[in-house]
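Student: Letter by letter, the chains look like this.
There are 2 protein chains.
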Amino acid sequence: MNFCLWWGSKLDQFGGVFEQVTILGAGLLGASLGEAAKLKNLAGKVHVWARRKEIREKLNAGASWCDRAFAQPAEAVKGADLIVACTPVEHIVELFADIRDSIRNDALVTDVGSVKQQICETGRASFLAKGVFIGSHPMAGSEKSGLENADPRLYEGRNCFVTPFPDENIDAEITKLRNFWESLGMRVTLTSPSDHDLIVAHISHLPHFLASALAYHLSKKPSSWDNLCGGGLKDTTRIAAGDPGMWTDIAKQNRGQILLALDEFEESLKHLREHLHAEEAHAIKEFLKTGQTYRRRLPSSYESD
Amino acid sequence: MNFCLWWGSKLDQFGGVFEQVTILGAGLLGASLGEAAKLKNLAGKVHVWARRKEIREKLNAGASWCDRAFAQPAEAVKGADLIVACTPVEHIVELFADIRDSIRNDALVTDVGSVKQQICETGRASFLAKGVFIGSHPMAGSEKSGLENADPRLYEGRNCFVTPFPDENIDAEITKLRNFWESLGMRVTLTSPSDHDLIVAHISHLPHFLASALAYHLSKKPSSWDNLCGGGLKDTTRIAAGDPGMWTDIAKQNRGQILLALDEFEESLKHLREHLHAEEAHAIKEFLKTGQTYRRRLPSSYESD
Chain E
151 MNFCLWWGSK LDQFGGVFEQ VTILGAGLLG ASLGEAAKLK NLAGKVHVWA
201 RRKEIREKLN AGASWCDRAF AQPAEAVKGA DLIVACTPVE HIVELFADIR
251 DSIRNDALVT DVGSVKQQIC ETGRASFLAK GVFIGSHPMA GSEKSGLENA
301 DPRLYEGRNC FVTPFPDENI DAEITKLRNF WESLGMRVTL TSPSDHDLIV
351 AHISHLPHFL ASALAYHLSK KPSSWDNLCG GGLKDTTRIA AGDPGMWTDI
401 AKQNRGQILL ALDEFEESLK HLREHLHAEE AHAIKEFLKT GQTYRRRLPS
451 SYESD
Chain D
151 MNFCLWWGSK LDQFGGVFEQ VTILGAGLLG ASLGEAAKLK NLAGKVHVWA
201 RRKEIREKLN AGASWCDRAF AQPAEAVKGA DLIVACTPVE HIVELFADIR
251 DSIRNDALVT DVGSVKQQIC ETGRASFLAK GVFIGSHPMA GSEKSGLENA
301 DPRLYEGRNC FVTPFPDENI DAEITKLRNF WESLGMRVTL TSPSDHDLIV
351 AHISHLPHFL ASALAYHLSK KPSSWDNLCG GGLKDTTRIA AGDPGMWTDI
401 AKQNRGQILL ALDEFEESLK HLREHLHAEE AHAIKEFLKT GQTYRRRLPS
451 SYESD
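The listed protein sequences correspond, in order, to chains E and D.
Quick note on the numbering used here: the first sequence kicks off at 151 and runs consecutively.
Quick note on the numbering used here: the second sequence kicks off at 151 and runs consecutively.
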């Protein structure tokens, strides 16, 4: 097979690279995504909307991956066949109203928000006339943020949810979006928006709020203790260094599920407390063993840890 | 200055290398310690007591750092000027009875246990007639264990508590022990045994039991969620993979302080829950900010993270 035939078949398999990918928001996730898409030849052009003037100037002055940065979302999306909203969660739905009249008829619109039900409902309603919306949640966050920390490998080896509503008939678009994330090195899981929100409440939001509560608790202790902390504490609280604004928005959008997850966690913690109170060494050990077995079975190969 | 004079002054400064260091217990901590002490020329000879025959055979067959491995603690400690008990916490006090009659009059005895009050009380009582006991707690644990994971750099850059009783007049021995740990690259903090147990209940034991409770909670969820976990969850639960037996012993020996720390933590978590229930975005953000500020101020240079 000659190269062109081979490459053609790869394109078919991929479902097509995009002529123009528009990234809305040039923070850590947006900038890393634009850079990765360009490097991996998944986008002919990358256009960006950035709210802040200094970011636009920086991008237009010479970011190799960004063909043009715009001051208006509606301008940035013109001509794009893939649009990815990469702003903080609470601003994503506002963007839909800004861009809905300017997109191509065949545009695929997605986002990278960590909570999906509300975003996907608004997305579906916003793009009934033109375009197709499917939510995404690439689990590529970090306690770092901003364009200056952008890294085209941020998405590699991480999980990504793609969250169509079960009653939608958009298989071709789902495949296209799935392939896009997979081409960035992600492992894609399809779930409904509500299942997504239930799952991440437990595996992502709960750990975050526990890490924050532990850090909050320790902040009340003498600062002389700071220098005594070991690697265990530092690992356990690492994500507490994440952006409070972003996590407040997540808390707002997934409040119900997070509260249920906290209830269930406290039930587990109560068992441990009772075993401690009663000095039941065997029960404590069994509890710890259950946790150990769980932790040990978590896959390590698909993570950067 | 010629070399001998220079070296002599270094010895004075150090407080003397030890003629013979005896390590009781050749697990991760003991084997790593013996290897490090030999590599850094802090011990003329390293003798080891190992409970299991196959470990003794392995050591006697050719561990470069171990001069001889013994089947009886009382034999292993003969001639040692430094003895370090490196068994699991619950077995440390038993060792004191085994060795008290066999040690040198001037032997310095210490241990590496993570809980200090009970060990130090028994240690002081056990070595009234011969030797001096001072507790140590090098914070060099890992979720790994065993001789096969030994690493002479395990102690480097970590914190170490040295925990004499405040009313003891053993300044020379404290300095000797402090210098020993510092020569291994550790940062030493002196506290009383009870202050130690209070501090580690919050900065070490509480994080451990929270990580375990989170892992326990998630073990009840569908195993299909395992593959979806991100780096945040993995960091937050990493220490839950630690040895359940060891942590059961720690729970037993520091039960009171751990329960108090859990009470206080739950009070903090309650604040967060109330803010979530009441949808008080500002209060949630302030809570998360307090945690973020704490986590960011933790020193990163003195850790392997």
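It should be emphasised that the hints constitute simulated quantities derived from the structure, not laboratory data.
Here the structure is a predicted model, which is why all the values come from computation and not from measurement.
Treat the hints with caution; some may be incorrect.
Identical copies go unnamed one by one, so any copy, or any two together, can satisfy a pair.
[As the list claims (entries may be wrong)] Straight-line Cα separation of at most 30 angstroms, DSBU-like style, residue types lysine-lysine; simulated pairs:
1. K294 <-> K435
2. K420 <-> K384
3. K384 <-> K203
4. K195 <-> K384
5. K420 <-> K294
Student: State for each hint whether it applies.
Tutor: Tested hints:
1. Taking the closest pair of Cα atoms, K294 and K435 come within 30 angstroms of each other only across two copies (17 angstroms); inside a single copy the shortest separation is 37 angstroms, beyond that limit.
2. For the identical chains of this complex, K420 and K384 are neighbours both inside a copy (24 angstroms) and across copies (23 angstroms), given an alpha-carbon limit of 30 angstroms.
3. In this homomeric assembly, K384 and K203 never come within 30 angstroms of each other (Cα to Cα): the closest approach is 36 angstroms inside a single copy and 37 angstroms across copies.
4. For the identical chains of this complex, K195 and K384 are neighbours neither inside a copy (41 angstroms) nor across copies (36 angstroms), given an alpha-carbon limit of 30 angstroms.
5. Proximity of K420 to K294 under the C-alpha cut-off of 30 angstroms is restricted to the inter-copy arrangement: shortest distance 28 angstroms between copies versus 34 angstroms within a copy.
In this structure, the hints that do not hold are numbers 3, 4, in rising order.
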